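Enquirer: Construct the complete structure from the given sequences, taking the supplied hints into account.
From first to last, the protein sequence lines are chains A and U. According to our numbering, the first sequence holds residues 50 to 341 in order. According to our numbering, the second sequence holds residues 95 to 364 in order.
Treat the hints as calculated values from the structure; they're not laboratory data. From a predicted model like this one, the values you see are computed outputs, not experimental measurements. Ideal placement from N, C-alpha and C gives every residue a C-beta, glycine not left out. Mixed in with the good hints, there may be bad ones.
[Unchecked claim] One-sided and incomplete, this derived list gives chain A residues near chain U with beta-carbon spacing under 10 Å: (1) L103; (2) L106; (3) A182; (4) F339; (5) W340.
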Amino acid sequence: MLYRPGRMTVAITTGAGRVTSMDVRTDLSFAARQRMAVRDFGEAIRLWPLCWKLSWLDILLRYRGSTLGPFWLTISTAIMVGAIGFLNSVLFGMTLREYLPFLALSLVLWGFISTVISDACACFTGATATILAVRMPFSLQATRIVVRNVLVLGHNIVVIVVVDLLLSSWPGGEALLAVPAFLLWIIDGIAIALLLGAFCSRFRDIPPIVASVMQMAFFISGVIYKPEQLGTSRWLLQFNPFFTILDIVRGPLFGQIPGWSTYVSAAFFSVVLCAASWLMFVRVRERISFWV
Amino acid sequence: MAAASVEVSDLSVDFPLYHGTSRSLKRRMFSTVSGGRMGADAKNRVVVQALRDLTFSLSSGDRLGLIGQNGAGKTTLLRTLAGIYEPVTGRVHVEGTINALLDPSLGMNLDLTGRENITLRGLYNGLDEDEIKRLEADVESFAGLGEFMNLPIRIYSSGMMVRLGFALATSIRPQVLLMDEWFLAGDAMFMEKARVRLEDMVRGSEILVLSSHSEGVVMEWCTRVIWMDQGRIRMDGPPDIVLEAYLGRPPVRAQPVKPEPETAIVEAAE
Numbered sequence: 050m051l052y053r054p055g056r057m058t059v060a061i062t063t064g065a066g067r068v069t070s071m072d073v074r075t076d077l078s079f080a081a082r083q084r085m086a087v088r089d090f091g092e093a094i095r096l097w098p099l100c101w102k103l104s105w106l107d108i109l110l111r112y113r114g115s116t117l118g119p120f121w122l123t124i125s126t127a128i129m130v131g132a133i134g135f136l137n138s139v140l141f142g143m144t145l146r147e148y149l150p151f152l153a154l155s156l157v158l159w160g161f162i163s164t165v166i167s168d169a170c171a172c173f174t175g176a177t178a179t180i181l182a183v184r185m186p187f188s189l190q191a192t193r194i195v196v197r198n199v200l201v202l203g204h205n206i207v208v209i210v211v212v213d214l215l216l217s218s219w220p221g222g223e224a225l226l227a228v229p230a231f232l233l234w235i236i237d238g239i240a241i242a243l244l245l246g247a248f249c250s251r252f253r254d255i256p257p258i259v260a261s262v263m264q265m266a267f268f269i270s271g272v273i274y275k276p277e278q279l280g281t282s283r284w285l286l287q288f289n290p291f292f293t294i295l296d297i298v299r300g301p302l303f304g305q306i307p308g309w310s311t312y313v314s315a316a317f318f319s320v321v322l323c324a325a326s327w328l329m330f331v332r333v334r335e336r337i338s339f340w341v
Numbered sequence: 095m096a097a098a099s100v101e102v103s104d105l106s107v108d109f110p111l112y113h114g115t116s117r118s119l120k121r122r123m124f125s126t127v128s129g130g131r132m133g134a135d136a137k138n139r140v141v142v143q144a145l146r147d148l149t150f151s152l153s154s155g156d157r158l159g160l161i162g163q164n165g166a167g168k169t170t171l172l173r174t175l176a177g178i179y180e181p182v183t184g185r186v187h188v189e190g191t192i193n194a195l196l197d198p199s200l201g202m203n204l205d206l207t208g209r210e211n212i213t214l215r216g217l218y219n220g221l222d223e224d225e226i227k228r229l230e231a232d233v234e235s236f237a238g239l240g241e242f243m244n245l246p247i248r249i250y251s252s253g254m255m256v257r258l259g260f261a262l263a264t265s266i267r268p269q270v271l272l273m274d275e276w277f278l279a280g281d282a283m284f285m286e287k288a289r290v291r292l293e294d295m296v297r298g299s300e301i302l303v304l305s306s307h308s309e310g311v312v313m314e315w316c317t318r319v320i321w322m323d324q325g326r327i328r329m330d331g332p333p334d335i336v337l338e339a340y341l342g343r344p345p346v347r348a349q350p351v352k353p354e355p356e357t358a359i360v361e362a363a364e
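Expert: Okay, here's the thing in structure tokens:
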């Protein structure tokens, strides 16, 4: 028996947000598959209210019945920042005043990156019931992961603000540079959710690999120490996508605009990530429901 | 809106099996239950041929019943018609809005209240705020769940869950309704209401595809029956003829459901 992987195109004309016509058939051309992927994104945009609601529910349901609700996120981040802050300021011989604002910012932003990546692994496997019950754009699931984590980040920002208030360490106008960088984060986040989501639903060995890579990345990417502390080996960080992508948002918020090499590296890795993610998604989109 | 129609031509769907502990064990198990439809492809992956070369078409007013053993491909066919699985070869063309009731808790979140789930379903269907309000009113009056609407559906009985699911699915009027037989779990009074509502929907020149094991249900609801066997169409025709061939005896028509007194459902809902 010969197994031919499915290649097809679906034409969906929608009326009032509903599927009114569906035409699914075998189709070999890359262009047709690409049109399908674009349509997937188009539908996800149209279903934005759903995506927003699902993202909120993900957080609310986790804390339903607890008094503080999502602010438990804020509290646990605050405790983490406090504990590591005291420990490392002693280890590194820095004053808290010098170290704590950096650490608060670093840990909160790293928390976003690492949770997006670990959630990305369960992007589709975590939504199996929905995927098998209704036809839904897959990019909606990826967007949901990013939106959910932006909401979590919103709660954790309180920690940064409190530290800055206590130590009056506000960044200047250069903080605005973090805005376009954060938009890049959102795009990268969706890309990684699609890429890892599809990959992890096909190969179930990937999530543990991702988890150990992320653990290593935490230590090599200058999250809890300042890049200056690496001394002459500092240039190596420019080749670490985790560091450069972290630094384009963290630097400006800390009042230090990263050098051009950091920006070039972050942009390069983002382009590679998005391209890989797009090719993967175009190739395997309709297989995902068979894999979950 | 144009009339609804379903066109299926040369449709085949294969299931690749990737996640398992022992391939050989799996192979042995599957060859028993799937009647030898397991095979390996060119890359030596194990695949199950869930659907094989299906061709049929439905037009407005058709009520199709799918019968066949467990594992004959009924649910896979419903999912493929719903666009959840895309064909490996062949084509599925559906004109009209589709709604698939494949699982009573479909897209519902057990920790949300009935009311919240209605809103969520509305969003799944891309409805706006006004439409969601109308949906809520409609589902509330049809499902007759009373105060339970404000409680998490985790505590619902299976009958209540079915009522909510059925009300939701039929409130968002699809032109093509795809349904697994679970909806029959409702109590007698509800069945009567459901029948009125379903008939209403089918009369509005819509299409129903119903997968069922019950001859009574098929005889009552369907105007055409497809007998699925190992992923293929074994027989396609009027219900009595196909059912007789399938069962090896003339089918028995179900007793008409007698509505119970109104008090019964009020008690059930409180």
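Enquirer: Indicate, hint by hint, whether the structure satisfies it.
Expert: Hints, verified against the model:
1. Taking 10 Å as the C-beta cut-off, the interface hint given for L103(A) holds, the closest approach to chain U being about 8 Å.
2. The restraint placing L106(A) at the interface with chain U holds, with a minimum CB-CB distance near 7 Å, inside the 10 Å limit.
3. The closest approach between the C-beta of A182(A) and any C-beta of chain U is roughly 4 Å, which is under the 10 Å cut-off, so the hint is satisfied.
4. Given hint, F339(A) at the interface with chain U, holds; its Cβ is 6 Å from that chain's nearest Cβ, closer than 10 Å.
5. For W340(A), the interface hint holds, since its Cβ comes within 10 Å of a Cβ in chain U; the closest pair sits about 7 Å apart.
Of the numbered hints given earlier, the model fails none.
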